[in-house]
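Novice: Model the full structure from these sequences, guided by the hints.
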Amino acid sequence: MNAEGALIEARAGDAAAVRAARVSAIAGKYADPVDVEGRFPCEAVDAMKAERLLSIQVPRHLGGEGASTTEVAELCSVLGQACAASAMVFAMHHIKLSSLVEHGTESEWHAGFMRRIAAEQLLIASATTEGGIGGNLRNSICAIEVSGDSCRLEKDATVISYGSHADAILITSRSHPDAAPSDQVLTAFLKDQYTLERTHIWNTLGMRGTCSDGFLFKGQAPAVQILPKPFAEIAAQSMLASSHLLWSGVWYGIAVDAVSRAQAFVRAAARKSPGVPPPGALRLAEVSTLLQMVKSNVVAGLKAYEDAKSDPDKLSSMGFAVAMNNVKIASSETILEIVNHAMLICGIVGYKNGTPFSLGRHLRDAHSAQLMISNDRILGNTSSMLLVHKQDTSLLG
0 MNAEGALIEA
10 RAGDAAAVRA
20 ARVSAIAGKY
30 ADPVDVEGRF
40 PCEAVDAMKA
50 ERLLSIQVPR
60 HLGGEGASTT
70 EVAELCSVLG
80 QACAASAMVF
90 AMHHIKLSSL
100 VEHGTESEWH
110 AGFMRRIAAE
120 QLLIASATTE
130 GGIGGNLRNS
140 ICAIEVSGDS
150 CRLEKDATVI
160 SYGSHADAIL
170 ITSRSHPDAA
180 PSDQVLTAFL
190 KDQYTLERTH
200 IWNTLGMRGT
210 CSDGFLFKGQ
220 APAVQILPKP
230 FAEIAAQSML
240 ASSHLLWSGV
250 WYGIAVDAVS
260 RAQAFVRAAA
270 RKSPGVPPPG
280 ALRLAEVSTL
290 LQMVKSNVVA
300 GLKAYEDAKS
310 DPDKLSSMGF
320 AVAMNNVKIA
330 SSETILEIVN
340 HAMLICGIVG
350 YKNGTPFSLG
360 RHLRDAHSAQ
370 LMISNDRILG
380 NTSSMLLVHK
390 QDTSLLG
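Each residue of the sequence shown is one higher than the one before, counting from 0 in numbering that gives the first Met the number 0.
If you're looking for bench data, these hints aren't it; they were derived computationally from the structure. Take the hints with a grain of salt, since some may be wrong.
Only pairs whose alpha carbons sit at most 25 angstroms apart, straight line, appear in this in silico SDA-like list of lysine to any residue [unchecked claim]: (1) 228 with 155; (2) 294 with 373; (3) 294 with 67; (4) 28 with 14; (5) 228 with 174; (6) 48 with 69; (7) 313 with 58.
Specialist: In structure tokens form, the structure reads like this:
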């Protein structure tokens with residue numbers, strides 16, 4: 000075995016949580032500059048690559064570690080406690096990778112692509128939003144054009160997170176120029192197969208380091224890079240669940256760090272006045288309850304997904320979609336309440352930047368949770384399904 004092979008084997012043998020902790024330390028060091036400057040967290044992503052975390056979900060026979068969604072969500076949480084933008088990049092990469100893992104292993108090209116991801120630690124971006132449809136990822140205006148062995152696509156993508164920094168992009172479109180808006184495919188384009196013309200600048204309240212600029216995408220590639228399954232199946236059976244669960248892992252991480260800062264503040268106050276209950280102690284107990292609720296919600300969602308993965312019919316069922324939607328809604332709404340409670344506990348030193356208890360970045364990052372994917376859109380979809388589907392209320396799952 001050569002030196003490179005030995006290093007890869009050693010990395011794989013090192014517990015993923017330990018590797019993620021090393022990445023988290025680096026991400027935390029640069030979290031504030033990434034936020035203030037609105038720049039890509041290159042140090043954290045370089046560390047992810049060095050620790051081979053970008054391929055942990057890839058099956059072992061393709062060079063990865065075969066990590067489960069639950070294991071990936073835990074790493075999202077660990078990274079989210081240090082830098083939400085870095086964690087979100089990691090989560091979005093693995094959301095796209097889940098589409099390949101669940102729907103591309105039987106395709107020779109996509110299996111080879113996963114081998115490259117593992118060998119080269121390629122970073123994968125997503126282009127599902129589009130001018131004219133907003134965040135409705137289940138509809139497209141643009142259409143891929145297949146001519147012989149080649150395909151061509153042009154898309155006005157209003158958001159491509161870290162698009163300028165990605166090594167490849169998985170992009171949605173109509174399956175052909177005469178297809179209905181919901182008749183979609185997902186295509187993988189490598190960096191040398193497309194151009195990006197920036198149309199919108201990502202200057203936002205929070206999650207600034209995701210650098211989710213808008214671009215006019217123009218790509219040409221071999222037609223074999225189109226995933227063989229319709230995007231409707233990919234979305235229902237892997238992408239939507241992965242999105243809700245891995246994003247929830249990130250948000251839980253933000254909440255954990257906010258509560259940890261509040262707890263440290265209360266402990267410091269208690270040391271100054273022994274025997275006197277410090278202000279904020281009762282709120283700390285209250286926010287601990289909320290944090291446990293988010294954890295239970297995410298854990299239950301992850302279990303439901305892992306239990307359903309072997310049953311395509313269950314994955315595509317209304318009941319499963321409602322359950323995953325509810326996980327996202329509950330996590331994204333509760334995180335704001337948690338960070339706000341932590342802010343009230345810490346008071347002015349939590350409101351100020353540059354203190355050990357600062358929570359401004361956490362609060363701003365947390366506001367993105369209700370917008371990615373819009374809670375109103377999700378609630379609308381859930382309400383339609385509940386008109387014809389009886390919600391599962393059993394405690395046995």
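Novice: Look at each hint and say if it fits the structure.
Specialist: Right, here's what the structure says about each hint:
1. 228 with 155: holds, 23 angstroms
2. 294 with 373: holds, 21 angstroms
3. 294 with 67: holds, 18 angstroms
4. 28 with 14: Holds: residue 28 and residue 14 sit about 22 angstroms apart, inside 25 angstroms.
5. 228 with 174: holds, 11 angstroms
6. 48 with 69: holds, 20 angstroms
7. 313 with 58: Distance ~23 angstroms between residue 313 and residue 58 Cα, so the pair holds.
In summary, this structure violates none of the numbered hints.
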